[in-house]
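There are 2 protein chains.
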Amino acid sequence: MKAADIVVIGGSAAGIPAAITARRHYPEKSILLVRKEKQVLIPCGIPYIFGTVGAPENNLIPDDTLQNNNIELIVDEATELKPIDKKVILASGESVKYDKLVLATGSSPLLPLIPGIDKKNIYLIKKDVQYLHNLLNVLKDVSDLVILGCGFIGVEFADECKKNREINVTIVEMLDQCLQIAFGEEACRCCQEIEDYLEKRGINIITGVRLEDVLGDDKVSAIKLSSGQEIKADALIVGIGVRPDVDLAQKAGLAVTKGGIVVDTTMRTSDPNIFACGDCTTKFSFFTGQPSGLRLASIATTEARIAGANLYEISRKNPGVVGVFCTAIGNLTVAMAGMSEKGAKQCGFDVVTGEAEAADRHPEAMPGMSKMWVRLVFNKVNGELVGGAVRGGPSAGELVNTISACIQNRMRANDIAVFQIGTHPAVTASPIAYQLVNAAEIALKKMKS
Amino acid sequence: MKAADIVVIGGSAAGIPAAITARRHYPEKSILLVRKEKQVLIPCGIPYIFGTVGAPENNLIPDDTLQNNNIELIVDEATELKPIDKKVILASGESVKYDKLVLATGSSPLLPLIPGIDKKNIYLIKKDVQYLHNLLNVLKDVSDLVILGCGFIGVEFADECKKNREINVTIVEMLDQCLQIAFGEEACRCCQEIEDYLEKRGINIITGVRLEDVLGDDKVSAIKLSSGQEIKADALIVGIGVRPDVDLAQKAGLAVTKGGIVVDTTMRTSDPNIFACGDCTTKFSFFTGQPSGLRLASIATTEARIAGANLYEISRKNPGVVGVFCTAIGNLTVAMAGMSEKGAKQCGFDVVTGEAEAADRHPEAMPGMSKMWVRLVFNKVNGELVGGAVRGGPSAGELVNTISACIQNRMRANDIAVFQIGTHPAVTASPIAYQLVNAAEIALKKMKS
Numbered sequence: 001m002k003a004a005d006i007v008v009i010g011g012s013a014a015g016i017p018a019a020i021t022a023r024r025h026y027p028e029k030s031i032l033l034v035r036k037e038k039q040v041l042i043p044c045g046i047p048y049i050f051g052t053v054g055a056p057e058n059n060l061i062p063d064d065t066l067q068n069n070n071i072e073l074i075v076d077e078a079t080e081l082k083p084i085d086k087k088v089i090l091a092s093g094e095s096v097k098y099d100k101l102v103l104a105t106g107s108s109p110l111l112p113l114i115p116g117i118d119k120k121n122i123y124l125i126k127k128d129v130q131y132l133h134n135l136l137n138v139l140k141d142v143s144d145l146v147i148l149g150c151g152f153i154g155v156e157f158a159d160e161c162k163k164n165r166e167i168n169v170t171i172v173e174m175l176d177q178c179l180q181i182a183f184g185e186e187a188c189r190c191c192q193e194i195e196d197y198l199e200k201r202g203i204n205i206i207t208g209v210r211l212e213d214v215l216g217d218d219k220v221s222a223i224k225l226s227s228g229q230e231i232k233a234d235a236l237i238v239g240i241g242v243r244p245d246v247d248l249a250q251k252a253g254l255a256v257t258k259g260g261i262v263v264d265t266t267m268r269t270s271d272p273n274i275f276a277c278g279d280c281t282t283k284f285s286f287f288t289g290q291p292s293g294l295r296l297a298s299i300a301t302t303e304a305r306i307a308g309a310n311l312y313e314i315s316r317k318n319p320g321v322v323g324v325f326c327t328a329i330g331n332l333t334v335a336m337a338g339m340s341e342k343g344a345k346q347c348g349f350d351v352v353t354g355e356a357e358a359a360d361r362h363p364e365a366m367p368g369m370s371k372m373w374v375r376l377v378f379n380k381v382n383g384e385l386v387g388g389a390v391r392g393g394p395s396a397g398e399l400v401n402t403i404s405a406c407i408q409n410r411m412r413a414n415d416i417a418v419f420q421i422g423t424h425p426a427v428t429a430s431p432i433a434y435q436l437v438n439a440a441e442i443a444l445k446k447m448k449s
Numbered sequence: 001m002k003a004a005d006i007v008v009i010g011g012s013a014a015g016i017p018a019a020i021t022a023r024r025h026y027p028e029k030s031i032l033l034v035r036k037e038k039q040v041l042i043p044c045g046i047p048y049i050f051g052t053v054g055a056p057e058n059n060l061i062p063d064d065t066l067q068n069n070n071i072e073l074i075v076d077e078a079t080e081l082k083p084i085d086k087k088v089i090l091a092s093g094e095s096v097k098y099d100k101l102v103l104a105t106g107s108s109p110l111l112p113l114i115p116g117i118d119k120k121n122i123y124l125i126k127k128d129v130q131y132l133h134n135l136l137n138v139l140k141d142v143s144d145l146v147i148l149g150c151g152f153i154g155v156e157f158a159d160e161c162k163k164n165r166e167i168n169v170t171i172v173e174m175l176d177q178c179l180q181i182a183f184g185e186e187a188c189r190c191c192q193e194i195e196d197y198l199e200k201r202g203i204n205i206i207t208g209v210r211l212e213d214v215l216g217d218d219k220v221s222a223i224k225l226s227s228g229q230e231i232k233a234d235a236l237i238v239g240i241g242v243r244p245d246v247d248l249a250q251k252a253g254l255a256v257t258k259g260g261i262v263v264d265t266t267m268r269t270s271d272p273n274i275f276a277c278g279d280c281t282t283k284f285s286f287f288t289g290q291p292s293g294l295r296l297a298s299i300a301t302t303e304a305r306i307a308g309a310n311l312y313e314i315s316r317k318n319p320g321v322v323g324v325f326c327t328a329i330g331n332l333t334v335a336m337a338g339m340s341e342k343g344a345k346q347c348g349f350d351v352v353t354g355e356a357e358a359a360d361r362h363p364e365a366m367p368g369m370s371k372m373w374v375r376l377v378f379n380k381v382n383g384e385l386v387g388g389a390v391r392g393g394p395s396a397g398e399l400v401n402t403i404s405a406c407i408q409n410r411m412r413a414n415d416i417a418v419f420q421i422g423t424h425p426a427v428t429a430s431p432i433a434y435q436l437v438n439a440a441e442i443a444l445k446k447m448k449s
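These protein sequences, in sequence, are chains A and B. All residue numbers for the first sequence refer to this note's numbering, where the first residue is 1 and numbers rise by one. All residue numbers for the second sequence refer to this note's numbering, where the first residue is 1 and numbers rise by one.
Don't read these hints as lab results, they were simulated from the structure. A few of these clues could be false.
Because identical chains share one entry, a pair is satisfied inside a single copy or across any pair of copies.
Capping the alpha-carbon separation at 20 Å, the derived lysine to aspartate or glutamate pairs in EDC-like fashion look like this [to be verified]: (1) K2 to D196; (2) K163 to D85; (3) K97 to D234; (4) K345 to E355; (5) K448 to E28; (6) K446 to E28; (7) K219 to D99; (8) K163 to D64; (9) K200 to D234; (10) K82 to D99; (11) K127 to E77; (12) K38 to E313; (13) K119 to E355; (14) K224 to E384; (15) K2 to D128; (16) K127 to D176; (17) K317 to D415.
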């Protein structure tokens, strides 16, 4: 029987950093990572396989990180967990003993329960190299593609599938606008621009409808919407969300809810020797402590760094999910941290907002200039920043992390207004126009009046 | 006689935000800004006039910000300040009464005291449209240009003057490496890469020497170095630093030191009705409280936002200069916040560092990828972040602001290791490889061992 001090089940955005963090904090321990995939895909990079990067092989997380950190790897599926014996049974029949266990079993894409959903040429976004190869092959013969769901996956898949391919693409979304859940109604200008861009590229977007039926014999030939409309479809890609993979934990008697494997703020499950992190666990909001449904690779890695460090000695605490995310379509990058205005109000916060837009170069004649727009949401009662949205060029992806730093440190508008920034003509806004600071000033002025 | 509740002297990176902040905080007050320049240049954009943007007119701060904020503008020079009468005398003979005064008189470039420095074709970097037009014209007939000083101005001027121009450019620097004062010895890899880039472009860099003599009749024809070497020069551009413009304050009897007009942490001078901000004031370090010689437009704007808000009611305090800066040469952006390792040690800190490098896209096959390198410096005693350097693509300019947020909030390595980030394939590193977090983890590991 195999044995290691620390065993990690899962080898993606949670499993890898959990193992590496454990190595950094417990250099003397033996660490073993068990995963079922031969090759691990970069989860957020999957849409780009279908256009920009061209193949699953160009979107892999290399195994050398594990080797360099002296982490043993077993490619096998964990089928049973025996907490009392402190061991894991693998599909091969092999058993693995552990002293501390980390569950990083991830999530699986949801399939809508509608007639005909079991037909051929219906694809989920599975983190599986061979499965995505099959989808790439199928797309060669597809002239009409329907994508169900207009969240990040829907938007990015539509844009990428349209690249280097003669294909009609239609996105079907039950809400009123693409990316609405992610960005809230306040950032609808961003969502609208993304829709406009996709439509300019010839992508058909149908919102405010549900998928009711999948037509065709053994293979999908068309879909029927709640509006009665039928749309020709040689293939259907479904990106409507995920559910946590909790089977292993649940069968072993660990506490599990609909939200995932139950963990405390140290990332420990109901068994003191078993930790869990990533898409498979319950989450709660940084702002309210209420359960959070957000599932992001970046959240998974943060949780993994908490779990991996706490295995033998608690030194880190999960403050709850802030929620920081980003997408880039064409030349536009949109990003968000924390709560939207609407979301904050729904949670009972009295909020005040401030907006600022300026060129992300100075003077504007500098090459590569985009307009960068920032919107900040503050708690009116104590002045603390609770959310921020950014829209602009590529550096929006890092600017939103500055906003996240301000949120996590519970900075108030008055603090952010005198935030010490670095600027340069070729890469940022001018210090006078710097959006983050000016948005805070504008919110502050509203708070006073 | 003119009169306004609030009078601001100076219309650049300190004066403008001081006036705008006063407007935001005191909507009922009359505000008047006096400046001597007809047109105001973006200070950090000046090097780009000589290449990328082509003319001073493409590098101006528009006056509409003042108009939109109901700030009256007088273009005239303040020649005398009478604090007891609360009035300012202008060069035109006009007087202006104030209730509260903000001095934002800036700084002037230093000229080295060596023989021949008064010859023709020797240029300082003055924030003056006509003066820079003259320099642009002179450069048309120059075949050998020497730039004295290899700080930001030297590096950026050398690169820009070489664009669209048949010209030999030589930089002369008394230290061992370009940008050494800014980045410290630890970031010498960045400095070395910038030197390599400039040399590849045919720019000659001579370090470790002083300028001893300027040769020629009425016009410079060559310069002589402390090494004995003579270098042909049709023009000399001097970028060796600035001194605060304190004349107005000094003659009025306000407290002044070599470091500038003395201000307290509220940005108030020795006269309770007179505030000062920007290059003209004394500064102190965020980390030690010791005097700081840093002069940056971004520091000026932050101080202006403190001064403007505090005029009638103290609500902001200057915590001291963190020092956040950035330059971009070719495809390389280098940025720094806070103290370098060497600087921290010189101040008596026991420090530990962590470094991480990763692609700023994920997978690496995503377009526009650069390697992004981050180095963090922590106080070993309390774990607090005291400095960080970034080297990579354009988004380094915003990433350094995230580091600045961590410094200003006195975040510790253990906090940064679980920092909640947003990531996206097209615009950032992967969450697993995110440099800021990994550099903190590596420093933490060193702290423990």
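Consistency of the hints with the structure:
Neither within a single protomer nor between protomers do K2 and D196 lie at most 20 Å apart by alpha-carbon distance, with minima of 56 Å and 53 Å respectively. Taking the shortest Cα distances, K163 and D85 never come within 20 Å of each other, neither inside one copy (52 Å) nor across copies (71 Å). When the C-alpha separation of K97 and D234 is checked against a cutoff of 20 Å, the pair qualifies neither within a copy, at 48 Å, nor between copies, at 78 Å. Taking the closest pair of Cα atoms, K345 and E355 come within 20 Å of each other only inside a single copy of the chain (18 Å); across copies the shortest separation is 41 Å, beyond that limit.
Proximity of K448 and E28 under a CA criterion of 20 Å is satisfied inter-copy only: 13 Å between copies versus 56 Å inside one chain copy. Taking the shortest alpha-carbon separations for K446 and E28, only the inter-copy value of 15 Å comes in at or below 20 Å, while the best intra-copy value is 55 Å. For the identical chains of this complex, K219 and D99 are neighbours neither inside a copy (49 Å) nor across copies (81 Å), given an alpha-carbon limit of 20 Å. Taking the shortest alpha-carbon separations for K163 and D64, neither the intra-copy value of 32 Å nor the inter-copy value of 43 Å comes in at or below 20 Å.
Taking identical chains as interchangeable, the C-alpha atoms of K200 and D234 are never at most 20 Å apart, the minima being 23 Å within one chain and 54 Å between chains. Only within a single protomer do K82 and D99 lie at most 20 Å apart by alpha-carbon distance; the minimum there is 12 Å, versus 78 Å between protomers. Taking the shortest alpha-carbon separations for K127 and E77, only the intra-copy value of 15 Å comes in at or below 20 Å, while the best inter-copy value is 68 Å. In this homomeric assembly, K38 and E313 never come within 20 Å of each other (Cα to Cα): the closest approach is 32 Å inside a single copy and 65 Å across copies.
Taking identical chains as interchangeable, the C-alpha atoms of K119 and E355 are never at most 20 Å apart, the minima being 48 Å within one chain and 51 Å between chains. Proximity of K224 and E384 under a CA criterion of 20 Å is satisfied in neither setting, with 47 Å inside one chain copy and 58 Å between copies. Taking identical chains as interchangeable, the C-alpha atoms of K2 and D128 are never at most 20 Å apart, the minima being 26 Å within one chain and 75 Å between chains. When the C-alpha separation of K127 and D176 is checked against a cutoff of 20 Å, the pair qualifies neither within a copy, at 29 Å, nor between copies, at 52 Å.
For the identical chains of this complex, K317 and D415 are inter-copy neighbours only, at 9 Å across copies versus 25 Å inside a copy, given an alpha-carbon limit of 20 Å.
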